[in-house]
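Asks: Converting from the sequence shown to our numbering requires adding 6 to each position, the first position being numbered 1.
Hints are computed from structural coordinates only; laboratory data are not their basis.
All figures in this text were calculated on a predicted structure; none of them were measured in a lab.
All C-beta atoms, glycine included, are put in the ideal place defined by N, C-alpha and C.
Be a bit skeptical, because a hint or two may be false.
Claimed, not checked - Label-pair restraints from in silico Cβ distances:
hint: 1; residue 1: W271; residue 2: N396; range: 29 to 37 Å
hint: 2; residue 1: A206; residue 2: G39; range: 37 to 45 Å
hint: 3; residue 1: E269; residue 2: N396; range: 33 to 41 Å
hint: 4; residue 1: G39; residue 2: D398; range: 33 to 41 Å
hint: 5; residue 1: G192; residue 2: G138; range: 25 to 33 Å
hint: 6; residue 1: E130; residue 2: T280; range: 45 to 53 Å
hint: 7; residue 1: D288; residue 2: S153; range: 28 to 36 Å
hint: 8; residue 1: Q115; residue 2: T326; range: 40 to 48 Å
hint: 9; residue 1: A210; residue 2: D142; range: 23 to 31 Å
hint: 10; residue 1: G373; residue 2: V258; range: 42 to 50 Å
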Amino acid sequence: MPPIPTRISAAAARRIALAAQGFATPRPTRSVGRRQIGRLADRLALFQIDSVNVLVRAHELPAFARLGPYRRALISEMTERHRDLFEYWGHAACLMPTRNQPLFRWRMQKHMDENHGRRMDRIERDRPGYFGAVLDEVRRRGPLAASDVTDGGTAKGPWWGWADGKSVLEYLFWAGELSVAGRRSGFERVYDLTERVIPARILALPTPPMNDAYRELVRLVTRALGVATRRDIANYLYLGSARTAVAITELVESGDLVPVAVEGWSDKAWLASTTRTPRRVDARALLAPFDSLVFDRARVERLFGMRYRIEIYTPAQRRTYGYYVMPFLLGDTLVARVDLKADRARSALLVQGAHAEPGFDPATVAGPLVEELKLMAGWLELTTIEVRSNGDLAAVVARSL
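Sequences are here, hints too, so could you generate the full structure?
Replies: Structure (structure tokens):
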């Protein structure tokens, strides 16, 4: 007989989710180092990567939101020198704890088996032996970007209209034969043989069967989410719905997960059996559009009542809130949206727009937001903060500054 779901309030679910994401404890008072970043990576399971650099790279922002200022080169060092983190496909492109690399080998094998669709078949048909030639060149020359590949070809168009060399490197990366050794200026990937990127002690770990890997990934995800529906869990690492459901059932049977009914949620949910509900959460943070607390827009609306959409790809005249809009977390909810840009030439943090959420007084929100903006400006080594008159919160923020 299946266990009877525990009932929890919407407010409790929100606090559980924030605690799981690292917002229930105060920021460190001492300097933040590799150990703290590593613990956060273990907690969240990923830092999503994005190429947009209007403020700062997306994968740098989650640690700042939770831990406060840290030396910005630290995450690159953890990825490229210490190999604490590795880049692969989690929730899109992500940096993830290297210890979890074996849990993604099924995805690499699946990609290899499927041969990445017709484009890869076409390259092999038109250029027999080209895959092997690219792999041999990386083996012989060491880490290479797509622009380094001999006879890499020309791009076929914008976005994913890649040249053949780039397509092959990406396929080999997806398949696990190559890994990302680092990034160049301009955010260009540099690829190398996986055995020269992933530490030998990790590569020596056994490859778990897919079902076992799924079960462990679901365990990691539920810890990162706190309380979650099946869709929430599957979406966090882009897992298949059916296998996720099987893993959830197994984890309930083993006592690792507990079914819960959340006030206002139409779907069933689960949480880790060791989860505790904090009495209060007193957080303050600006959240990147790709932060793991908010990258699932449907979940954001369910938890916080905010209908959040990224408008980077929306024409300027059709944007509602701005280009790089960051939700502002205050206490245990999202109270505002702030459109930010770093004007590095003038050493200024630009507040291009600031909007309070319905029901929240701009005068109450402005003070804590200004403190967070000052903290961010200092971290980014920007000397001034400038506020544009866009949004009901903007004028109050400008006066508070």
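Asks: Against each hint, give a clear statement of whether it holds in the structure.
Replies: For each hint, the structure was consulted:
1. W271 to N396: 29 to 37 Å: Check passed, 34 Å falls within 29 to 37 Å.
2. A206 to G39: 37 to 45 Å: 25 Å, violated
3. E269 to N396: 33 to 41 Å: 35 Å, holds
4. G39 to D398: 33 to 41 Å: Holds: the Cβ-Cβ distance is about 40 Å, inside 33 to 41 Å.
5. G192 to G138: 25 to 33 Å: 28 Å, holds
6. E130 to T280: 45 to 53 Å: Hint holds: Cβ distance 49 Å, inside 45 to 53 Å.
7. D288 to S153: 28 to 36 Å: 48 Å, violated
8. Q115 to T326: 40 to 48 Å: For T326 against Q115, whose Cβ atoms are near 43 Å apart, the range 40 to 48 Å holds.
9. A210 to D142: 23 to 31 Å: 25 Å, holds
10. G373 to V258: 42 to 50 Å: 45 Å, holds
In summary, the numbered hints that this structure violates are 2, 7.
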